[in-house]
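Engineer: What follows is the residue order along each chain.
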Amino acid sequence: MDEEQLIPHADELEWLETNSFLVESEGEDDLPFIAEEIRQDDGDLPFSAALPRPHESQVSRKRSWSEEDEGSENIGEIIKREESGNKRRALDFLEREQDEDWLRYSPPQKKAPAVHIASESDVLMVEPPVKEKILSRFAVEIEGDCVPVTGPYGDRVYAKMKSSKTDIEGPKKQRKEHLKYGLLSEPIGIIIKKLDHEAFAKAFEENDCLSCHQTHSEVPTFSEKLWVEKYAPCSFTELLSDEQTNREVLLWLKQWDSSVFGSQVRSTTDDVLSALRRHSSPVQHKRFSGGETFFEQGRAAPFTRQSLKSWNADKHIENVNGFSESWSKKATVDHPLEQKINASDDRSSLTLESKILDAVQIASVTADSKPKCLVIDEIDGALGEGKGAVEVILKLVVADKKAKVEKPNSTQQSLSEFSSRRGKNSATLLRPVICICNDLYAPALRPLRQIARVHMFVQPTISRVVNSFAECDIRSCLNTLQFLNKKKETLNILEVGSQVVGHKDISRSCIDIWNKIFQNGKSNRAKSSTTNLNGHGDFEFMYSLLSNRGDYDLTMGGIHENFLRLSYIDPMMIKTVTCLDMLGVSDSLHQYIMRTQQMSLNAFQPPFAIAIKRLIALVDKPNIEWPKSIQRYRAMSLERKDLLKNWQSKISPIISRHLSTEYFAEDFVSHFLHILVPPTLRPIALHLFSEREKDDLAQLVDTMVSYSITYKNSKAEPLKGAHNNGTAKDVSILILDPPIGDFINFKDYQPTHLELSLAMKQVLLHEVEKQRILRENSGRSLNPGNECNKDSQDSTITKLEVLHDIITKSASVKGNDKPRLAMLKLENEDNHKNLNSKSKKIVSNTSVTAEVTGDLKKPSRPISFFDRFRQGCNIDSKNHVSNLQKAATAERDSRPFLFKYNEGFTNAVKRSVKIRDLLL
Amino acid sequence: MQIRLKCTCQQEECREWSIIELQGVVESHPSLVDHLQNLEIGRLCCVSEGNYTFTVGYHELSGTKMALKKPLLVLKKKKVGDAFESDSSDSSGVELEVIGIIRHRILFKTRPMALISKPLVKDKKNL
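Each protein sequence line maps, in turn, to chains G and H.
Residue numbering for the first sequence follows the working numbering, beginning at 1 and increasing consecutively.
Residue numbering for the second sequence follows the working numbering, beginning at 1 and increasing consecutively.
Accuracy of the hints is not assured; some may be wrong.
[Said to hold, decoys possible] Straight-line distance between alpha carbons at most 27 Å, and here's what the computed DSS-like set of lysine-lysine pairs gives: (1) K747/G / K641/G; (2) K900/G / K65/H; (3) K914/G / K900/G; (4) K69/H / K109/H; (5) K910/G / K69/H; (6) K628/G / K575/G; (7) K6/H / K109/H; (8) K109/H / K900/G; (9) K6/H / K69/H.
[Said to hold, decoys possible] Between beta-carbon pairs, the in silico distance windows are: (10) K69/H / F905/G: 18 to 28 Å; (11) P30/H / R775/G: 55 to 65 Å; (12) E755/G / L36/H: 35 to 45 Å.
It is worth saying that the hints were derived from the structure and are not from the lab.
For each residue, glycine too, the CB sits at the ideal point set by N, CA and C.
Pulled out of the complex, with its shape left as it was, chain G reads as follows:
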């Protein structure tokens, strides 16, 4: 049945005919017999008598069919089949009904020259008297039932069996005439209209015919049918996918014959060859009205079904992997022979499992009783609930394999080996399973990939798809054509170009779009120079391109970052300003859209890009970089905000509430930095400050403490090091602790505020620390309670320690100051300066500490032994701390001796041993 549906290519037909000629001539003896039978069956055939060589035409077709199926090895069966022609025809009739849709719409083809040579006389004889089609090269052209007839030289015609409705013949003939002159002889619109009309008429006729045949299940409504389905591939040769793949899949399906139909395993090459031959020689079955099929399945029926199977399966295998957007994709799956399961629709594994089991195990009890080939579409989508479909299939296969291994039958085993990729034997019923997926490497399919045979379907090449104007998406082409047909428009090139309908999925990457914007293709220019219309087309194209992409934020961002790199000629900066204006407007628009969620306004976005293209597009290929600045600056902004937040949390709320992020960088930071670096602060020792300067310093320290800003040590960054290269290398650099300078660290921006000298910074650091400690202290001392007292005592201790450190350090530095200074003086003038200031700072430092110690003594006297001891130790090193010394001497008598414990010691050899060494 499937092979009958095939309409072969003319050249393929020729080849087949020449090849099969010998075989057919051999079996000619049988032919008359069959022809006789047929005539007996259909007594009402009006043209059977008129057929010039009934035996030749009718029977040879049968023969060729049988040839293909069985080859020369099974001639006996051919005869048997011929004997049971009745039954088979009845069967065929059932099958044919399903295929009839296709037959009607299969595009008619030119007659092969062989036909004319071989049966010229016959055809001519028949045709002139009867204007309606009785004998035709194509089954499509014959209304109602027809019988395929093969001439002695292999040419095949179809003879009408019953012409009950002659009224429809008219359009047929017309159509045939058109076809003779080729497709383009008339505008396609007219042809389409005619076809439509014809289809409509046929549908009516079909309805009538079908009403008398109870088995027909589907009433085709052609006017409503999508062309995608209408022109779905019906035969092997119409498949658009790779020939190699097609054959492989066919071969694989043929492997199933033995298990599906119970017939013997045949050599695969024979099968493929015969199948191919069958495909190329379409045969139309006679339709038998009263055929009964059920009890005839014994011998002949499996055979028919087998061929059928291979046919339908082929169609579906086309879909396997779905890589080809080819004709048949989902259209043919609805065929009654097969059960379509859309895995992505039936997400739940339970329903899926039951469906699969239904399909695989339950024998079809319908009249046609064809074996089922399970096709699971979109299996990679069936992952919703634990890979339902995949698991079910795996279960089936595993169970099957176990069963197979136990079976002694060797043929069965070889079969199970073949149950690869799409096909699996189910333990109960042996049916192939075809799974179609879009993403072969989806993780859920991994187990399936191991047991299945994989066929990849690549996108059909352009040469294969002759009319591939919509980017090789044939279904899209068809949809567009139908759409145009619905609008009753005539096609012309311009409209095809401007049709958006066909461009369903044309979305490009952003890079492509930017390229298109920045690059003015030569072809585009040429076109636009010739006609305005094409310029308009260009606009349309760009518009659709941009709107298909949709991501205007990114698109405009890319333009913004890249357009300044273009070397367009713009001496007055007019273009640049205009572009920036447009980008600004686009940005404002985008913001507005995002805020108000009026997405319809996005329609006004593409023109900006197009206008920019008009302004600055060049012929050269632009060097486009992906816009990164948005992400970069966004991250930086977040980081800065975080910093600010942390800083604010440290400042007392009275102050921090006036710091808002909105104006912080713009209005606050630079001024604040100016305040932090007062120009009045002279880099001299503190005790040399005048009263006013001391006040200034106190105020500065107060400010810094209130804003909880201090200086902190940091490793000399290369940039900073270059800035003050005067300082000695070992001195680390002091920076502001919350680095608020970074907030205004813009590119190419020179901050106007001054930079304090390192010594000054150190002074400030110490001052701030002191002040901070004092404040904390006072804050705590306000609180009553023992704990606070203790704390304050502790803090006093730490304070004293700090002071002590400072004192000793300064003393040591002081001693060495002179020689170092002299040395460095020779090296560098700057060094000298800095050191000078440093020594000054140290002096000031000591004076400060002296002051502070004086202050500190009053509020809290050191009471603990530790402090006393510490201070006592330092008595002779410094006379600044005379207070401390006095206190120590006062206690001297009470504690003149101290005990020093002698720690034990060992003279054992100590060395570090690592576990690693022990392990070796």
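Start from chain G and add chain H according to the hints.
Structural biologist: Showing chain H alone in chain G's frame:
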């Protein structure tokens, strides 16, 4: 050469001394090196039978009383004057007087305990 020991044990009770053995050193304050006289080193208290504590500076040591295996004598060297020489035929001119005998020592071998809290110090001062 013969050195005569003069013991007055028979006449009066022989005074018994005791050794204090410390693991460590008692250091004086560096400023007091020259005038150490009459300074109190520390306080020795008998806590219980055989147990003593010794407080030096801000350290308190605890120790035990142990018997020496061999008792030690504490001697005092005396230059024998000419007057004595006539009395005795001995011509050495040196006489050792037994001042005391040491049969016990108090051993402080543990790590000292620091006394740094103020009230404790004051208490001790009051003592």
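Engineer: Compare the structure with each hint and give your call.
Structural biologist: Here is what the structure says about each hint:
For the suggested pair K747/G and K641/G, the alpha carbons sit about 19 Å apart, so the restraint of at most 27 Å is met. Pair hint K900/G plus K65/H holds up; C-alpha atoms about 21 Å apart against a cutoff of 27 Å. About 35 Å separates the Cα atoms of K914/G and K900/G, which puts this hinted pair outside 27 Å; it is violated. As the CA atoms of K69/H and K109/H are separated by approximately 18 Å, the hinted pair is consistent with the 27 Å bound.
Between K910/G and K69/H the alpha-carbon distance is near 36 Å, which puts this suggested pair outside the 27 Å criterion. The suggested pairing of K628/G with K575/G holds, with an alpha-carbon distance near 24 Å, which does not exceed 27 Å. Proposed proximity of K6/H and K109/H is contradicted: the alpha carbons are some 35 Å apart, above 27 Å. Between the alpha carbons of K109/H and K900/G the distance comes to roughly 12 Å, so the proposed pair stays at or under 27 Å and holds.
As the CA atoms of K6/H and K69/H are separated by approximately 23 Å, the hinted pair is consistent with the 27 Å bound. Restraint check, K69/H to F905/G: a C-beta distance of roughly 26 Å satisfies the suggested window 18 to 28 Å. The hinted range of 55 to 65 Å is not satisfied by P30/H and R775/G, whose Cβ atoms lie roughly 38 Å apart. Between E755/G and L36/H, the C-beta spacing of about 59 Å breaks the proposed range 35 to 45 Å.
In summary, the numbered hints that this structure violates are 3, 5, 7, 11 and 12.
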